[in-house]
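There are 4 protein chains.
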Amino acid sequence: MPARNDDLHGSAPDKSDFALLLIDVINDLDFPEANRLLRFARPMARKILRLKERAKKAGVPVIYVNDNFGRWQSDFRRQVQHCLRAKSRGHEVVKLLQPEEDDYFVLKPKHSGFFSTTLETLLRYLGSKTLIITGIAGNFCVLFTANDAFMRDYDLIIPSDCTASNSSAENREALALMRKFLKADTRPSSKIRLPVGRKKRR
Amino acid sequence: MPARNDDLHGSAPDKSDFALLLIDVINDLDFPEANRLLRFARPMARKILRLKERAKKAGVPVIYVNDNFGRWQSDFRRQVQHCLRAKSRGHEVVKLLQPEEDDYFVLKPKHSGFFSTTLETLLRYLGSKTLIITGIAGNFCVLFTANDAFMRDYDLIIPSDCTASNSSAENREALALMRKFLKADTRPSSKIRLPVGRKKRR
Amino acid sequence: MPARNDDLHGSAPDKSDFALLLIDVINDLDFPEANRLLRFARPMARKILRLKERAKKAGVPVIYVNDNFGRWQSDFRRQVQHCLRAKSRGHEVVKLLQPEEDDYFVLKPKHSGFFSTTLETLLRYLGSKTLIITGIAGNFCVLFTANDAFMRDYDLIIPSDCTASNSSAENREALALMRKFLKADTRPSSKIRLPVGRKKRR
Amino acid sequence: MPARNDDLHGSAPDKSDFALLLIDVINDLDFPEANRLLRFARPMARKILRLKERAKKAGVPVIYVNDNFGRWQSDFRRQVQHCLRAKSRGHEVVKLLQPEEDDYFVLKPKHSGFFSTTLETLLRYLGSKTLIITGIAGNFCVLFTANDAFMRDYDLIIPSDCTASNSSAENREALALMRKFLKADTRPSSKIRLPVGRKKRR
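Protein chains in written order, with the working numbering: chain W, 1 to 202; chain U, 203 to 404; chain P, 405 to 606; chain G, 607 to 808.
Extracted from the complex, chain W is given alone in its bound form:
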């Protein structure tokens, strides 16, 4: 079936220098420390939503890079439904950030979005060189993903108001680390300049 694979199966993804990654935002937050995280996750979600809206206007592809809760048999849309139930601690965040039809998604089995996933291949097809990384937790899955992106020579934007950790201090430390070692631009999301409506197709 080679012919089908030239453009990743008959349907070339968009082309864009930038890509916006949302890490683990589809999350029932069903773990002990989640209450602490939740305090920071709600305002974060509002900031990510605004950034996502700007990204889509600018033709920047939006990629959900997410853990696979439950068994590996479930699919991503079912997981969204699961996390939207009222008794899911994460339901407000998930409601704000529900994936749309034209968003991409990448299932990750571990902490980094690049480990054992389709992300690198998808980004290659998108042609993206600069990654805007957002989501939770700032000092864990976001950090791991940023590390791996750096080793692959992506330029990194990690807006300080679009990640959340269990405490402000931990989030700040993670941002400082990424600024120092990964040369990440961590300005707040409102200060990020996106390309102007330059959706390019191949």
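Treat the hints with care, since some could be wrong.
[What the hints assert, rightly or not] Below are the DSBU-like pairs computed for lysine-lysine, each with C-alpha atoms no more than 35 Å apart in a straight line:
{"no.": "1", "chain 1": "U", "residue 1": "Lys382", "chain 2": "P", "residue 2": "Lys587"}
{"no.": "2", "chain 1": "W", "residue 1": "Lys129", "chain 2": "P", "residue 2": "Lys461"}
{"no.": "3", "chain 1": "U", "residue 1": "Lys331", "chain 2": "G", "residue 2": "Lys789"}
{"no.": "4", "chain 1": "P", "residue 1": "Lys419", "chain 2": "U", "residue 2": "Lys382"}
{"no.": "5", "chain 1": "W", "residue 1": "Lys180", "chain 2": "G", "residue 2": "Lys663"}
{"no.": "6", "chain 1": "G", "residue 1": "Lys693", "chain 2": "G", "residue 2": "Lys789"}
{"no.": "7", "chain 1": "P", "residue 1": "Lys584", "chain 2": "U", "residue 2": "Lys331"}
{"no.": "8", "chain 1": "G", "residue 1": "Lys789", "chain 2": "W", "residue 2": "Lys47"}
{"no.": "9", "chain 1": "G", "residue 1": "Lys735", "chain 2": "U", "residue 2": "Lys331"}
{"no.": "10", "chain 1": "U", "residue 1": "Lys249", "chain 2": "P", "residue 2": "Lys584"}
{"no.": "11", "chain 1": "W", "residue 1": "Lys95", "chain 2": "G", "residue 2": "Lys789"}
{"no.": "12", "chain 1": "W", "residue 1": "Lys180", "chain 2": "G", "residue 2": "Lys701"}
{"no.": "13", "chain 1": "W", "residue 1": "Lys180", "chain 2": "G", "residue 2": "Lys797"}
{"no.": "14", "chain 1": "W", "residue 1": "Lys15", "chain 2": "P", "residue 2": "Lys499"}
{"no.": "15", "chain 1": "G", "residue 1": "Lys693", "chain 2": "W", "residue 2": "Lys95"}
{"no.": "16", "chain 1": "U", "residue 1": "Lys385", "chain 2": "G", "residue 2": "Lys621"}
{"no.": "17", "chain 1": "P", "residue 1": "Lys533", "chain 2": "W", "residue 2": "Lys129"}
{"no.": "18", "chain 1": "G", "residue 1": "Lys621", "chain 2": "U", "residue 2": "Lys217"}
{"no.": "19", "chain 1": "W", "residue 1": "Lys183", "chain 2": "P", "residue 2": "Lys584"}
{"no.": "20", "chain 1": "G", "residue 1": "Lys789", "chain 2": "U", "residue 2": "Lys217"}
{"no.": "21", "chain 1": "P", "residue 1": "Lys587", "chain 2": "U", "residue 2": "Lys331"}
{"no.": "22", "chain 1": "W", "residue 1": "Lys129", "chain 2": "W", "residue 2": "Lys95"}
{"no.": "23", "chain 1": "G", "residue 1": "Lys701", "chain 2": "G", "residue 2": "Lys662"}
{"no.": "24", "chain 1": "G", "residue 1": "Lys653", "chain 2": "W", "residue 2": "Lys180"}
{"no.": "25", "chain 1": "G", "residue 1": "Lys735", "chain 2": "U", "residue 2": "Lys259"}
{"no.": "26", "chain 1": "G", "residue 1": "Lys662", "chain 2": "W", "residue 2": "Lys183"}
{"no.": "27", "chain 1": "W", "residue 1": "Lys183", "chain 2": "G", "residue 2": "Lys735"}
{"no.": "28", "chain 1": "G", "residue 1": "Lys701", "chain 2": "G", "residue 2": "Lys653"}
{"no.": "29", "chain 1": "U", "residue 1": "Lys258", "chain 2": "G", "residue 2": "Lys735"}
{"no.": "30", "chain 1": "P", "residue 1": "Lys533", "chain 2": "W", "residue 2": "Lys15"}
{"no.": "31", "chain 1": "P", "residue 1": "Lys584", "chain 2": "W", "residue 2": "Lys129"}
{"no.": "32", "chain 1": "W", "residue 1": "Lys129", "chain 2": "P", "residue 2": "Lys460"}
{"no.": "33", "chain 1": "W", "residue 1": "Lys129", "chain 2": "P", "residue 2": "Lys499"}
{"no.": "34", "chain 1": "U", "residue 1": "Lys249", "chain 2": "P", "residue 2": "Lys587"}
{"no.": "35", "chain 1": "P", "residue 1": "Lys491", "chain 2": "U", "residue 2": "Lys289"}
{"no.": "36", "chain 1": "W", "residue 1": "Lys15", "chain 2": "P", "residue 2": "Lys419"}
{"no.": "37", "chain 1": "U", "residue 1": "Lys382", "chain 2": "P", "residue 2": "Lys461"}
[As the list claims (entries may be wrong)] Ranges of calculated distance between the beta carbons of each label pair, as one might list FRET restraints:
{"no.": "38", "chain 1": "P", "residue 1": "Arg489", "chain 2": "U", "residue 2": "Asp304", "range": "54 to 60 Å"}
{"no.": "39", "chain 1": "P", "residue 1": "Arg528", "chain 2": "G", "residue 2": "Ser774", "range": "18 to 24 Å"}
{"no.": "40", "chain 1": "G", "residue 1": "Arg684", "chain 2": "P", "residue 2": "Arg450", "range": "45 to 51 Å"}
Hints listed in this document are in silico derivations from the structure and should not be mistaken for laboratory results.
C-beta atoms are modelled at their ideal positions from N, C-alpha and C, and glycine is treated no differently.
Given the coordinates of chain W, assemble chains U, P and G onto it according to the supplied hints.
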């Protein structure tokens, strides 16, 4: 979120020395050479179905490793529905081999099931050492997947009646290659001995 | 040590759209079927040598991608010496194709040059899009490497006179496979057009 | 050449549950912040040396995982010589930690020892489940390597006196991170219990 990841997110997969892989069987066969392939794919699907039933009885996990037709935004279950429509050339094959609730699935962006996918991590968690590889095309995606499995030191069983290519000759050649270089056991599916109902959980 | 890594440690490799790969040519051919292979490996080595000379004139980087014979403790130059001893079956081939100071080398633990190696990162830094793959065996390590290159979207040139297998038939079949499925250009080496002395540095 | 590859080319590596990794210790420390690092690197090197001696007595394989200074054409032993010159800032460290004939080495192009290297395959052949990670810098290449090891489910020992960073505070923070998120055991090297002389061969 480290605690959730110890067993791949709160839900340890089954443990099994064997795993059964179905390559690209969820397929609308919407490409030029598909008519030739279809002739071989129908009897193949019946053999795979029988093998899958035996595998499930024996507690051997079944993993659909499949291309992502259409855009990356779609999910696997939607793809199954798409391929089941009467006008899909592959609908008979897909109907026979519809994934069940407890089957695993791995989305692959390219030819090998190991390239840029979760397969290696899933197999590590399953603890599988022997892979039974089936599906289409025998001389392409099955062969690429088998090559990659061999480099990772899996033992390979590639039952001669459970793969299909565009011609019998091409399928035979691919099987000969895999027997010779990958030390694959290519006996027909009915001759494969599976473990006896040894479903183990951690 | 981030600053050192921007250009792969203080010393940017050359930039070139093309790269010439020599697979497993530094080889003592100390295995049972080697006598059959050797018959084809000698004329192959002379063709590769000429191609290598042309490549270097054209500024095309030359990369030895080679198994690590003996223990992993040994290094590549020591291995060259080992293979050059008169009692090494491969000594004529190795003598013709001795690596020079400015050739690159990549140690591979398995069959594909891309599996568990530095090759992909090196090629990214070289900026190469087209790989000329040569060496032994045409239907094994060359084929595995070509498969992996194809999945990474490199354009492939695999000159028919620059690979050798245990028999002409096997080599021809491998070339046919790579032409058909990997869209490889398999014209003889003398017909390959290389860029004209366009050594570019960053 | 499949037969040669069964045991990684005719020479099975040792088998050991533990492996000792030395990250970037063969280093000319020729970068601006190196003077600060050097203060901590000297005592670190003495601790690593003692640990290495204990490891070798216990049959624990020692793996140098090291950047490739200079061009990719150079080999590791030449690099050792380069770093041993008196004018190399790192010469004392390198002199203490010179690799021996039966040590393994892995060349890494980037920060993590697992990225684009042979390390994962080598560890699989060694059968190691627990990694003792040492070297420089504690908050950079050691941290990146530890992150990647954690995602691959290795148990981690990162002795607090066997890593060095540009400042004690940074080294402590990195150790705290690895203790918390990677569940690393960071006790000082003298408190680590190694297996008793259990060198096993296949």
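We went through each hint and held it up to the structure:
no.	hint	verdict
1	U/Lys382 <-> P/Lys587	holds, 24 Å
2	W/Lys129 <-> P/Lys461	holds, 32 Å
3	U/Lys331 <-> G/Lys789	holds, 28 Å
4	P/Lys419 <-> U/Lys382	violated, 39 Å
5	W/Lys180 <-> G/Lys663	violated, 40 Å
6	G/Lys693 <-> G/Lys789	violated, 39 Å
7	P/Lys584 <-> U/Lys331	holds, 32 Å
8	G/Lys789 <-> W/Lys47	holds, 32 Å
9	G/Lys735 <-> U/Lys331	holds, 17 Å
10	U/Lys249 <-> P/Lys584	holds, 28 Å
11	W/Lys95 <-> G/Lys789	holds, 33 Å
12	W/Lys180 <-> G/Lys701	holds, 31 Å
13	W/Lys180 <-> G/Lys797	holds, 33 Å
14	W/Lys15 <-> P/Lys499	violated, 48 Å
15	G/Lys693 <-> W/Lys95	violated, 61 Å
16	U/Lys385 <-> G/Lys621	holds, 24 Å
17	P/Lys533 <-> W/Lys129	holds, 17 Å
18	G/Lys621 <-> U/Lys217	holds, 24 Å
19	W/Lys183 <-> P/Lys584	violated, 44 Å
20	G/Lys789 <-> U/Lys217	holds, 24 Å
21	P/Lys587 <-> U/Lys331	holds, 33 Å
22	W/Lys129 <-> W/Lys95	holds, 30 Å
23	G/Lys701 <-> G/Lys662	holds, 18 Å
24	G/Lys653 <-> W/Lys180	holds, 28 Å
25	G/Lys735 <-> U/Lys259	holds, 32 Å
26	G/Lys662 <-> W/Lys183	violated, 39 Å
27	W/Lys183 <-> G/Lys735	holds, 33 Å
28	G/Lys701 <-> G/Lys653	holds, 14 Å
29	U/Lys258 <-> G/Lys735	holds, 31 Å
30	P/Lys533 <-> W/Lys15	holds, 18 Å
31	P/Lys584 <-> W/Lys129	holds, 32 Å
32	W/Lys129 <-> P/Lys460	holds, 31 Å
33	W/Lys129 <-> P/Lys499	violated, 43 Å
34	U/Lys249 <-> P/Lys587	holds, 32 Å
35	P/Lys491 <-> U/Lys289	violated, 65 Å
36	W/Lys15 <-> P/Lys419	holds, 24 Å
37	U/Lys382 <-> P/Lys461	violated, 40 Å
38	P/Arg489 <-> U/Asp304: 54 to 60 Å	holds, 58 Å
39	P/Arg528 <-> G/Ser774: 18 to 24 Å	violated, 36 Å
40	G/Arg684 <-> P/Arg450: 45 to 51 Å	violated, 30 Å
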